[in-house]
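*Asks:* Read off the chains here:
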Amino acid sequence: MIVRPRPSLFTLFFILKGSIIMRIFPQMLFVFVVSTLVVIAHRDMPLIVPGSLGAPFALFGIAISVFLGFRNNACYDRWWEARKCWGQLIYATRGFARQSVMLCELHGESGKAARRSLIDLVIVLPHVLVGYLRPGGEQMVTPVLSPDLREAIRASKMPAEVLLNQISRQLAGLRRDEMLTDIQLKMLDENVQQMGIAVANCERIRFTPLPFGYTLLLHRTAHLFCFLLPFGFSDLLGWGTPFVSTLIAYTFFGLDALGDELEEPFGLGPNDLPINALAGVIEHNLREALGEADLPPLPQRVDYVLT
Amino acid sequence: MIVRPRPSLFTLFFILKGSIIMRIFPQMLFVFVVSTLVVIAHRDMPLIVPGSLGAPFALFGIAISVFLGFRNNACYDRWWEARKCWGQLIYATRGFARQSVMLCELHGESGKAARRSLIDLVIVLPHVLVGYLRPGGEQMVTPVLSPDLREAIRASKMPAEVLLNQISRQLAGLRRDEMLTDIQLKMLDENVQQMGIAVANCERIRFTPLPFGYTLLLHRTAHLFCFLLPFGFSDLLGWGTPFVSTLIAYTFFGLDALGDELEEPFGLGPNDLPINALAGVIEHNLREALGEADLPPLPQRVDYVLT
Amino acid sequence: MIVRPRPSLFTLFFILKGSIIMRIFPQMLFVFVVSTLVVIAHRDMPLIVPGSLGAPFALFGIAISVFLGFRNNACYDRWWEARKCWGQLIYATRGFARQSVMLCELHGESGKAARRSLIDLVIVLPHVLVGYLRPGGEQMVTPVLSPDLREAIRASKMPAEVLLNQISRQLAGLRRDEMLTDIQLKMLDENVQQMGIAVANCERIRFTPLPFGYTLLLHRTAHLFCFLLPFGFSDLLGWGTPFVSTLIAYTFFGLDALGDELEEPFGLGPNDLPINALAGVIEHNLREALGEADLPPLPQRVDYVLT
Amino acid sequence: MIVRPRPSLFTLFFILKGSIIMRIFPQMLFVFVVSTLVVIAHRDMPLIVPGSLGAPFALFGIAISVFLGFRNNACYDRWWEARKCWGQLIYATRGFARQSVMLCELHGESGKAARRSLIDLVIVLPHVLVGYLRPGGEQMVTPVLSPDLREAIRASKMPAEVLLNQISRQLAGLRRDEMLTDIQLKMLDENVQQMGIAVANCERIRFTPLPFGYTLLLHRTAHLFCFLLPFGFSDLLGWGTPFVSTLIAYTFFGLDALGDELEEPFGLGPNDLPINALAGVIEHNLREALGEADLPPLPQRVDYVLT
Amino acid sequence: MIVRPRPSLFTLFFILKGSIIMRIFPQMLFVFVVSTLVVIAHRDMPLIVPGSLGAPFALFGIAISVFLGFRNNACYDRWWEARKCWGQLIYATRGFARQSVMLCELHGESGKAARRSLIDLVIVLPHVLVGYLRPGGEQMVTPVLSPDLREAIRASKMPAEVLLNQISRQLAGLRRDEMLTDIQLKMLDENVQQMGIAVANCERIRFTPLPFGYTLLLHRTAHLFCFLLPFGFSDLLGWGTPFVSTLIAYTFFGLDALGDELEEPFGLGPNDLPINALAGVIEHNLREALGEADLPPLPQRVDYVLT
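Residue numbers (UniProt numbering), protein chains in the order written: chain D, 1 to 307; chain V, 1 to 307; chain P, 1 to 307; chain E, 1 to 307; chain W, 1 to 307.
Derived from the structure by calculation, the hints contain no laboratory data. A portion of the hints provided could be inaccurate.
[As the list claims (entries may be wrong)] The calculated lysine-lysine pairs, modelled on PhoX-like cross-linking and capped at a C-alpha distance of 25 Å, are:
| hint | chain 1 | residue 1 | chain 2 | residue 2 |
| --- | --- | --- | --- | --- |
| 1 | W | 84 | P | 84 |
| 2 | D | 157 | D | 84 |
| 3 | E | 84 | P | 157 |
| 4 | D | 157 | V | 112 |
| 5 | V | 84 | P | 84 |
| 6 | W | 112 | E | 157 |
| 7 | D | 84 | V | 84 |
| 8 | P | 84 | P | 157 |
| 9 | P | 84 | V | 157 |
| 10 | E | 84 | P | 84 |
| 11 | E | 157 | E | 84 |
| 12 | E | 84 | D | 84 |
| 13 | D | 157 | V | 84 |
| 14 | P | 84 | D | 84 |
| 15 | V | 84 | E | 84 |
| 16 | W | 84 | W | 157 |
| 17 | W | 84 | E | 84 |
| 18 | D | 84 | W | 84 |
| 19 | W | 84 | E | 157 |
| 20 | P | 112 | V | 157 |
| 21 | D | 84 | W | 157 |
| 22 | P | 157 | E | 112 |
| 23 | V | 157 | V | 84 |
| 24 | V | 84 | W | 84 |
| 25 | W | 157 | D | 112 |
Please model the complete structure; the sequences and the hints are all you need to start from.
*Replies:* In structure tokens:
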């Protein structure tokens, strides 16, 4: 994710980082070249290559704008919902740490050890989730876990679930050892359940893309529209056609490509969510709640980019 | 559901799988033929067959775009809500498995058996639900269930409810046998309630289509619009009319047909939800939570399609 | 509600049932007649009766499309929210039946009788609600209730609340008689609360229409727009004006009238919700949960219509 | 709020009550006069006063339609959310009355008195809230309350909170006197919490208007657009210009003014929410739940208007 | 946030406070100058500087309107969601104060002291949050806190979490000292959890801006569109071009700039949320709930502005 102060109006036109322009440059160039050829061809063979079909194209273009707007909205909603899921993970993990302070207050040192052991598991959870969600990501399994658990996480197809199951197992053990009452167990379990919900919702967004037919239809019509534009307006625009066509193509391809990026919010694209940094924030929070003095630093953006 | 890497720009135009083009090919052909006839007729009888009625048609087309956009949005929302219901089923079943580990921790072997018996029921639930929701689907009833229960599921009009009732009956039995306290029962019951909510919401989406009058109005106007297009623009477009009309028809019919497909998200169409695969994922998760070593494989897509 | 398989393209144009065309036929006829008169008048008195005012009308028409689209969206949301409330009623009643099996497991025959008595009340609830919500509906009060309660329901302005109060009273009685613990009572009460929420939300939708000024403004402008259309395009369209005007009027009046129908989702219109059938489904579910052998049949659609 | 049967098509054009036309009549008249002057000036001085600038105005008008549509949507959402908050208040108060029947069942006469005293407070709550939310409203404080409490409500800036605090204080007192267990207290408290949420959400809607810059921008552009309209189309429309301009102004000003009215849903405008009537409904419900025989009548609309 | 009575129509055009016009004045001036130059250049060199490219620009402008509308909607949603988070903070803090009255009722003076100590922490929470969320804000740490806690808050990167942890620690201490039962603890903890959720959601909105590529694309296209406008319509508009272009630029730049302001709802801009005032409201509420006589005054707007 790109985090930077609002640039001035002038620099605005020259920022490349985070701009979608890098991804759609080939298509824009293609539109530019086609437009130039059409202008030339139309000048030489006006009867064969038309240059003023604008009216139906305008209708077509407005229809595509409306549909593209809806798709963009849907993609943005996925992106924002994904961030909300991580927000849920953040408040559930913090809530768990906050409530578990009961163990210390009620059972002294042994409670403190039990809490420490639980929170160590919770700290690992978001890191494991990053490995699971990020395409090409690897699961980070820290040495703080027991070798068995490390192995189980590595072997599992749903590593976050292994961790949650282990947390529940430890909570049940504390209940058995009478370090937790039923109600205290239920309080802590409610936050574990929230973590499970956040994990399942992230999975949903990660592995259920927008309906492919939808994407396909809009890609195709947006591209065809842009490729046909010079036939619509070269009479009017003359040598300005390539520039105006490319500008319109920038808008349409740009929104289309941004939609693609937002559709998969857990990727590494410049507009994707910085889930790695969020996992770091959770770790920082939990270690602070444990009272550790030597906290890991909060994740910093590098060259305006937070991953 | 189609899951595939983003195709390159060039292949994008030649993908048929998942494209809506297969379903709307007849209508597109019809528009093409009508357009060609109109162009010919207009050339021969320009006074009788008009060819430049574009202005009111443009207005009509924009209005239809707006309304079609709204319908598409509503259909997409149904599809995504259906996926959310299955997400709810996933986290409720996992949560149930996670919490029920209490039984093992607190009551040893007898607790383990009780948990096993409960989770066997939960594993069957999504499979039965697939049979119930998918048009033409059959209920899968595994031999792991008792013959009585199998028969009750087969006889019932709402087989998922039979299973949920059975789960609650067993939980109440465990409460009676003092293997669960009231609060532990309530914890588990909250996830059973979530399963019941997910089931009822799936039923709602499955058996309450979009208002028929809505669908009818948009189908009719979209078709009439496309059939009338050549009368609007053949003066301008000449022999290009059939191509441009067909292109616009592709956009409008395509969105309309995609809306139809997304409206019934539990079908077997290429853009429908892979609920069979999701049931397989739940089974995998629960068996893993039970500690089984020999897990069923996760569902794989076949030819880019996950059912 | 109309439930039918997707009709073929050809029959699509000749379906009347569920089409909004029956309701807006007078207005469409009016537009047709006015258009014809305008065409004649314009031919005879082109200086007095204009025929090519299209440009500002197009702008006006697009503005109305956008606003009509928003209104339609709001009406559809009401309709869908109403269906969700009934979904909530469905899962809350089922959940209540499912949880109350505790009574049988823990207290044998006396528990069974208590459960039966509670569920008899729950079965009546949706039927009473249908009578309350459906304009012109009558409250169905079955003989299974005590005469006092029947009378109280008949006398009350909010009959569903009388039933819910009675359920809570019986639950409190069971608590007093130590057939329920506090926590078990709370579990059951949570579903009663859900029923109360569903009832209150249905009331909200039923008795709070869209702001009247909103409806009025859109009705007026949509009608004026359609009546003025022939002045805009009769120069261009000639004798085709009445047909095109009527087609556009069909779209605008149709959406407007559909909005009216969806705004009151509990009515008896062909696009309204089948709440009577849903009450039947709940009764079927609950009787099945009670273990009754002789279940009432599920509601069937008659001539594609489910009420 | 206006509640009336759908008027016939003919009367539709002559209804003033609830129509926004009364509020925007001055502006419409202004547009009419300006248009007439422009037509005259354009006829006399066509070189100085233009009359056919339609094209850029159409673009401008469509853009404003889109933005106005969004603002209207936001205002309607506020209105509907405000109604939902009152729905929440309705079901929370009813739920409280329903659950508190426990007190009667478990503790006989003393429980009945305690319940009566609690519900008397709850009955006053919505009335006090009406006084708080309605601009220029007065707080209704009934003599049923103790003088101290009456005084505290009058003195407080947040009178509803004083009542809720008093309810919680009494509940805690019942807990101390062992008339409620912890769990029963929690059940009742959950509904009190719902009331507190509804109150806070009403406050939010009442005291946080739409961003002022948003309102300002749309007011200005909509007005400028309507005042400039005659310059755009008087060539085409001639003496029809004032009529068409006024019609378009009616649509734009009407939506804008409706948005203003819906933005403050607790006012006394004809399209605002009947919160006074809703408070009466709650009082009716709670008195009925208490078993009172002599119920206050349900609020009736006067001249189609419910306040 | 600007809170003022609806201005009259005439003054509407001359309000600067809260108008976005101050921020976009340079760009509007630029458009005005460019337009004037284009008109002059077009008059002198009509073959080189075109003046009637309106058609494709109209299409482009409508597309941008649709996309800008969506972005504005997303920004407004962020702003409103931020206000909802503060609403949640309000009802959670009030709910906490209301429930904690139990301590007084059940444990007399020592309970009162414990409650006082808890609520002192809660009062500080929103003030600390303002310092955390507002760009350039400072954390207000009142002397009422213990020096250790003050130091911890100052040192922490997430100061609100430090407070919430301290609240939970004190609650657990009360549980240990048997001043709270498990269930009472759970009641209070549920509101603490709500506070934690509100805090995490505010953080989400504060630190996750809209995808930068989205903002960039719309800024660029909106600016290019406005700079190109005079080439589109100077033939038609003549010397009116600079005025009409600037008017259209006002609409587009204005919405764009408003979107920027709403995107960061915790800033100090005139359309941002008055979180400082809301923190004051919470303090007022809680002190009143404690029964303090000398309440701090409610925050007042200064020159129509509430911060």
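*Asks:* Does each hint fit the structure? Answer for all of them.
*Replies:* For each hint, the structure was consulted:
no.: 1; hint: 84(W) - 84(P); result: holds, 24 Å
no.: 2; hint: 157(D) - 84(D); result: holds, 24 Å
no.: 3; hint: 84(E) - 157(P); result: holds, 21 Å
no.: 4; hint: 157(D) - 112(V); result: holds, 24 Å
no.: 5; hint: 84(V) - 84(P); result: holds, 15 Å
no.: 6; hint: 112(W) - 157(E); result: holds, 24 Å
no.: 7; hint: 84(D) - 84(V); result: holds, 15 Å
no.: 8; hint: 84(P) - 157(P); result: holds, 24 Å
no.: 9; hint: 84(P) - 157(V); result: holds, 21 Å
no.: 10; hint: 84(E) - 84(P); result: holds, 15 Å
no.: 11; hint: 157(E) - 84(E); result: holds, 24 Å
no.: 12; hint: 84(E) - 84(D); result: holds, 24 Å
no.: 13; hint: 157(D) - 84(V); result: holds, 21 Å
no.: 14; hint: 84(P) - 84(D); result: holds, 24 Å
no.: 15; hint: 84(V) - 84(E); result: holds, 24 Å
no.: 16; hint: 84(W) - 157(W); result: holds, 24 Å
no.: 17; hint: 84(W) - 84(E); result: holds, 15 Å
no.: 18; hint: 84(D) - 84(W); result: holds, 15 Å
no.: 19; hint: 84(W) - 157(E); result: holds, 21 Å
no.: 20; hint: 112(P) - 157(V); result: holds, 24 Å
no.: 21; hint: 84(D) - 157(W); result: holds, 21 Å
no.: 22; hint: 157(P) - 112(E); result: holds, 24 Å
no.: 23; hint: 157(V) - 84(V); result: holds, 24 Å
no.: 24; hint: 84(V) - 84(W); result: holds, 24 Å
no.: 25; hint: 157(W) - 112(D); result: holds, 24 Å
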